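Per numbering that gives the first Met the number 0, the sequence shown runs over residues 0 to 424.
Please note that a few of the clues may not be correct.
[As the list claims (entries may be wrong)] Computed Cβ-Cβ distance ranges for the label pairs, DEER-style:
#1 Ala-222 / Pro-285: 51 to 61 angstroms
#2 Arg-239 / Arg-412: 43 to 53 angstroms
#3 Asp-340 / Ala-389: 15 to 25 angstroms
#4 Arg-358 / Pro-285: 16 to 26 angstroms
No lab work stands behind these hints: they were computed from the structure. Because the structure is a prediction, the values reported are computed rather than measured. Glycine included, C-beta positions come from ideal geometry on N, C-alpha and C.
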Amino acid sequence: MLFEGSRLGTTVVRPVVVGLIAVALSGSVIGGVWYRAGGWGGSLPNSALVALAKYADSELAFDEYRRRYTSGHSRLPAFLSPKPRESRFTALCLHVAMSPPTSPSMYVSAIESLVDDITAEVVVEAFGREIERGSSQDRAYLLGALFKLHSHSSQRWRDILTLERRDDFLQDPMPEIRLGAAHMLWAFGQDPRAMVVFGQSLAVQSERQSAVYWLGNPARLHAIDTRLGPGILTAIQESRDKLDGLRALRRLTYVDDGTLQRLVDVEWERSQELVLYHRILADAGPRAEPALAGLLTQLQNDDLEVRHSAMQALGGLGTIATAAIPELVRNFREGRFAVGDAVYGEIAAFEAIVSIAGRDALVFAVEALEESQSALVQGRALEVVALYAATLEQDVCHALQAVADRGATEDIREEAMALYGRLCR
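Can you build the whole structure from these sequences, using the hints too?
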């Protein structure tokens with residue numbers, strides 16, 4: 000065979016050549032005959048299987064998937080990622096779900112692949128038996144995966160987490176089972192015992208990161224007890240990946256001043272972390288004053304989302320953030336000529352200016368009416384004019400007339416004309 004005995008032939012050339020052959024044969028009878036005749040020893044490599052699944056005889060590919068599952072493969076392969084939605088694929092998934100697994104990780108992978116193609120109720124039914132009879136490690140795998148699907152199957156979860164079994168789940172020696180069950184009980188019934196379980200895990204270093212994952216990641220979680228704040232913050236300080244902890248902090252009913260102060264001292268390495276941090280500060284309002292110096296620095300950040308979220312946090316500070324006005328005005332004016340997502344810098348800066356400057360923002364509202372092309376900015380500027388113009392000696396009539404004539408949308412033009420009629424005639 001070509002390149003036989005060569006590492007290059009085995010690891011690089013052979014899969015590529017076979018993939019090309021499969022693509023070339025796809026859609027033809029020859030491809031099916033070649034496979035059934037044992038063209039690759041009766042077992043296609045992944046590259047050829049992908050080609051068959053995506054471009055040609057998907058029945059053959061699905062037959063091969065099924066053969067692999069029943070012969071001991073422990074994971075769904077990555078090439079399932081295209082997730083074709085034909086009924087044959089659903090049938091395959093059901094076959095995998097109902098077949099005895101060689102390892103619990105196969106179930107976990109099957110769950111992940113099934114969630115977009117069939118209802119999670121079927122998945123839960125398929126794996127419910129295994130939860131009952133599996134070993135503790137198997138149960139951790141299965142429950143961990145199933146808990147992540149709760150938003151797709153809320154009613155079935157109420158059946159699984161019956162009152163008789165809740166204590167078993169909450170006292171399980173496996174942290175993932177305890178925390179996953181606590182998450183479910185809080186999401187669906189706000190059972191106070193759930194917060195106790197989370198508090199206990201946050202106090203244990205080996206379980207702390209798992210706790211903040213469940214508190215921060217899955218959807219539908221109600222606001223969580225503010226007393227968990229210190230433990231969540233400790234998890235943030237200990238971990239290089241701080242996103243889970245930040246998401247959890249945003250779900251606190253209230254972030255106390257001590258937690259805010261400790262949060263200001265954390266060093267953030269990723270843009271996503273800074274954005275979430277800024278949103279927490281924005282929610283805190285004037286209590287986030289210790290973060291003012293850092294927020295001013297972030298107005299120079301090259302990342303647009305970081306810069307815009309910093310503006311939002313500065314706006315939340317109100318008059319405390321007066322020092323930010325010059326930089327906000329610069330962003331406000333430069334955003335007028337931006338392209339792409341950068342155009343949102345104009346409205347983000349203007350909103351912050353209005354929140355900080357109050358009535359003094361009227362002059363910028365007039366400027367926005369006269370020069371901005373953004374419907375968002377024009378609409379917000381009209382609100383500012385309507386709120387303050389009648390009580391201040393600021394000539395807004397020329398600006399209103401300009402927007403009434405050339406506003407970004409018909410609604411903006413009509414609103415400007417109505418305001419002009421009220422203030423200028």
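Here is how each hint holds up against the structure:
1. At about 21 angstroms, the CB distance of Ala-222 to Pro-285 disagrees with the hint of 51 to 61 angstroms.
2. Arg-239 and Arg-412 have their C-beta atoms about 52 angstroms apart, which keeps the hinted 43 to 53 angstroms range intact.
3. Checked against the hint of 15 to 25 angstroms, the pair Asp-340 and Ala-389 fails, with Cβ atoms roughly 36 angstroms apart.
4. For Arg-358 paired with Pro-285, a C-beta distance near 18 angstroms keeps the hint of 16 to 26 angstroms intact.
Comparing the model with each numbered hint stated earlier shows that hints 1, 3 do not hold.
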